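**Q** Spelled out from the first residue to the last, the chains are:
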Amino acid sequence: AQSVAQPEDQVNVAEGNPLTVKCTYSVSGNPYLFWYVQYPNRGLQFLLKYITGDNLVKGSYGFEAEFNKSQTSFHLKKPSALVSDSALYFCAVRANTDKLIFGTGTRLQVFP
Amino acid sequence: NAGVTQTPKFRVLKTGQSMTLLCAQDMNHEYMYWYRQDPGMGLRLIHYSVGEGTTAKGEVPDGYNVSRLKKQNFLLGLESAAPSQTSVYFCASRGLGLAGFYEQYFGPGTRLTVT
Numbered sequence: 179a180q181s182v183a184q185p186e187d188q189v190n191v192a193e194g195n196p197l198t199v200k201c202t203y204s205v206s207g208n209p210y211l212f213w214y215v216q217y218p219n220r221g222l223q224f225l226l227k228y229i230t231g232d233n234l235v236k237g238s239y240g241f242e243a244e245f246n247k248s249q250t251s252f253h254l255k256k257p258s259a260l261v262s263d264s265a266l267y268f269c270a271v272r273a274n275t276d277k278l279i280f281g282t283g284t285r286l287q288v289f290p
Numbered sequence: 003n004a005g006v007t008q009t010p011k012f013r014v015l016k017t018g019q020s021m022t023l024l025c026a027q028d029m030n031h032e033y034m035y036w037y038r039q040d041p042g043m044g045l046r047l048i049h050y051s052v053g054e055g056t057t058a059k060g061e062v063p064d065g066y067n068v069s070r071l072k073k074q075n076f077l078l079g080l081e082s083a084a085p086s087q088t089s090v091y092f093c094a095s096r097g098l099g100l101a102g103f104y105e106q107y108f109g110p111g112t113r114l115t116v117t
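Taken in order, these protein sequences are the chains called A and B.
Under my numbering, the first residue of the first sequence carries the number 179, and numbering increases by one thereafter.
Under my numbering, the first residue of the second sequence carries the number 3, and numbering increases by one thereafter.
Just so you know, these hints were derived from the structure itself, not from any lab.
A quick note: this is a predicted structure, and the numbers were derived from the prediction, not measured.
Every residue, glycine too, gets a C-beta built ideally from N, C-alpha and C.
Among the clues, some could well be false.
To be verified - Dumping the calculated EDC-like pairs for lysine to aspartate or glutamate here, alpha-carbon to alpha-carbon at most 20 Å:
(1) A:K277 / B:E54
(2) A:K277 / B:D64
(3) B:K72 / B:E32
(4) A:K236 / A:D263
(5) A:K255 / A:E193
(6) B:K73 / A:D276
(7) B:K11 / B:E81
(8) A:K227 / B:E105
(9) B:K11 / B:D40
(10) A:K200 / A:D187
(11) A:K277 / B:E61
(12) B:K72 / A:D276
(13) B:K59 / B:E32
(14) A:K277 / B:E105
(15) A:K277 / B:D40
(16) A:K255 / A:E244
(17) B:K16 / B:D64
(18) A:K277 / B:E32
(19) B:K73 / B:E32
(20) A:K255 / A:D187
(21) A:K255 / A:E242
(22) B:K11 / B:D28
(23) B:K59 / A:D276
(24) A:K236 / B:E105
(25) B:K73 / B:E54
(26) A:K255 / A:E186
(27) A:K200 / A:E242
Stated by the list, open to error - Have a look at the derived ranges for each label pair, beta carbon to beta carbon:
(28) B:G65 / A:N274: 19 to 29 Å
(29) A:I229 / B:T7: 25 to 35 Å
(30) B:T88 / A:A183: 22 to 32 Å
(31) B:G42 / A:N190: 12 to 22 Å
(32) B:P10 / A:I229: 31 to 41 Å
(33) A:N246 / B:G97: 28 to 38 Å
(34) B:S86 / A:N190: 30 to 40 Å
All chains, full assembly: derive it from the sequences and hints.
**A** What follows is the structure, given as structure tokens:
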């Protein structure tokens, strides 16, 4: 069965430092992977996706994600964190042609 | 273009009461989804629809029913609310996608409390 894991409940980083939010996956076949962000009292917003091609995927708000097939990982990264990046981040994997499976979420806190 | 909208935004129910949550999208999307979000559990799929007139069960369908009579609307019903259904409910939609899998677009959520 397809699954996705986010091993960290919370990540703390100082503004201006690089950030990484971790995600690992388990799928049969080729993985379709996604990152979403949720700001307080809002719905989820799509950040980026990996379907095929280049292992480094660029998305919205300066975020990027690195797909690593051998480590079955899809970590979200940003070279320089902003306080406004503080939010809840979800990794997701396609379960089949109809559905996504979401991770439990990682809260990112960026301190000034 | 409003995207995905949800009605109501907040609701408090007593145990045993019923209610319907409405989701509407104006993007002509085929697929629509209902999720619930609970602390530490991420998003869990309740029911979904792959087109007008179709519905299917997700991960946690018990206690909920859905209907998709019109392509733009997806209704989630609670026939007899229980405290375990206290949650934040999100609706999402997506298009068919020419290749790969298009991202889902989410509504702002409905916060439901059952006392």
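**Q** Work down the list of hints and note, for each, if the structure agrees.
**A** Cross-check of the supplied hints:
1. About 17 Å separates the Cα atoms of K277 of chain A and E54 of chain B, which keeps this hinted pair within 20 Å; it holds.
2. With a C-alpha separation of about 18 Å, the suggested pairing of K277 of chain A with D64 of chain B holds against the 20 Å cut-off.
3. With a C-alpha separation of about 11 Å, the suggested pairing of K72 of chain B with E32 of chain B holds against the 20 Å cut-off.
4. For the hint linking K236 of chain A to D263 of chain A, the alpha-carbon distance of about 16 Å falls within 20 Å, and the restraint holds.
5. Proposed proximity of K255 of chain A and E193 of chain A is supported: the alpha carbons are some 14 Å apart, at most 20 Å.
6. This hinted pair checks out: K73 of chain B and D276 of chain A have alpha carbons roughly 16 Å apart, not beyond 20 Å.
7. For the proposed pair K11 of chain B and E81 of chain B, the alpha carbon gap of about 19 Å is at most 20 Å, so the pair holds.
8. Annotation: proposed proximity of K227 of chain A to E105 of chain B holds, straight-line Cα distance about 8 Å (limit 20 Å).
9. The suggested pairing of K11 of chain B with D40 of chain B holds, with an alpha-carbon distance near 16 Å, which does not exceed 20 Å.
10. In summary, the hint linking K200 of chain A to D187 of chain A is supported, as the alpha carbons are separated by about 10 Å, within the 20 Å threshold.
11. Note on K277 of chain A and E61 of chain B: the hinted pairing holds, with a Cα-Cα distance of about 10 Å set against a maximum of 20 Å.
12. Proposed proximity of K72 of chain B and D276 of chain A is supported: the alpha carbons are some 19 Å apart, at most 20 Å.
13. Annotation: proposed proximity of K59 of chain B to E32 of chain B holds, straight-line Cα distance about 16 Å (limit 20 Å).
14. Between K277 of chain A and E105 of chain B the alpha-carbon distance is near 11 Å, which keeps this suggested pair within the 20 Å criterion.
15. Distance restraint check for K277 of chain A and D40 of chain B: the Cα-Cα separation of roughly 19 Å lies within the 20 Å cut-off, and the hinted pair is therefore satisfied.
16. Proximity of K255 of chain A to E244 of chain A is assessed by CA-CA distance (about 8 Å); at most 20 Å being required, the pair is judged to hold.
17. For the hint linking K16 of chain B to D64 of chain B, the alpha-carbon distance of about 18 Å falls within 20 Å, and the restraint holds.
18. A distance of roughly 13 Å separates the Cα atoms of K277 of chain A and E32 of chain B; the hinted pair therefore holds under the 20 Å criterion.
19. Simply put, K73 of chain B and E32 of chain B have alpha-carbon atoms about 7 Å apart, close enough for the 20 Å limit, and the pair holds.
20. Restraint check for K255 of chain A and D187 of chain A: the C-alpha separation of about 16 Å stays at or below 20 Å, so the hint holds.
21. Simply put, K255 of chain A and E242 of chain A have alpha-carbon atoms about 5 Å apart, close enough for the 20 Å limit, and the pair holds.
22. The straight-line distance between the Cα atoms of K11 of chain B and D28 of chain B is roughly 18 Å, inside the 20 Å bound, and the hint therefore holds.
23. For the proposed pair K59 of chain B and D276 of chain A, the alpha carbon gap of about 12 Å is at most 20 Å, so the pair holds.
24. Only pairs whose Cα atoms come within 20 Å are accepted, and K236 of chain A paired with E105 of chain B is accepted, the gap being roughly 15 Å.
25. Proposed proximity of K73 of chain B and E54 of chain B is supported: the alpha carbons are some 5 Å apart, at most 20 Å.
26. Between K255 of chain A and E186 of chain A, the direct Cα distance comes to roughly 14 Å. Compliance with the 20 Å bound is thereby established for this hinted pair.
27. Only pairs whose Cα atoms come within 20 Å are accepted, and K200 of chain A paired with E242 of chain A is accepted, the gap being roughly 12 Å.
28. At about 24 Å, the CB distance of G65 of chain B to N274 of chain A agrees with the hint of 19 to 29 Å.
29. Distance hint for I229 of chain A and T7 of chain B: a CB-CB separation of about 28 Å, consistent with the stated range 25 to 35 Å.
30. Taken as a hint, the range 22 to 32 Å holds for the pair T88 of chain B and A183 of chain A, whose Cβ atoms sit roughly 26 Å apart.
31. A hinted range of 12 to 22 Å for the beta carbons of G42 of chain B and N190 of chain A is consistent with their spacing of about 18 Å.
32. Our hint of 31 to 41 Å for P10 of chain B and I229 of chain A holds, since their Cβ atoms are close to 36 Å apart.
33. Take N246 of chain A and G97 of chain B: their Cβ atoms lie about 29 Å apart, and the range 28 to 38 Å holds.
34. Distance hint for S86 of chain B and N190 of chain A: a CB-CB separation of about 32 Å, consistent with the stated range 30 to 40 Å.
Violation of the numbered hints given earlier is absent; every hint is satisfied by the structure.
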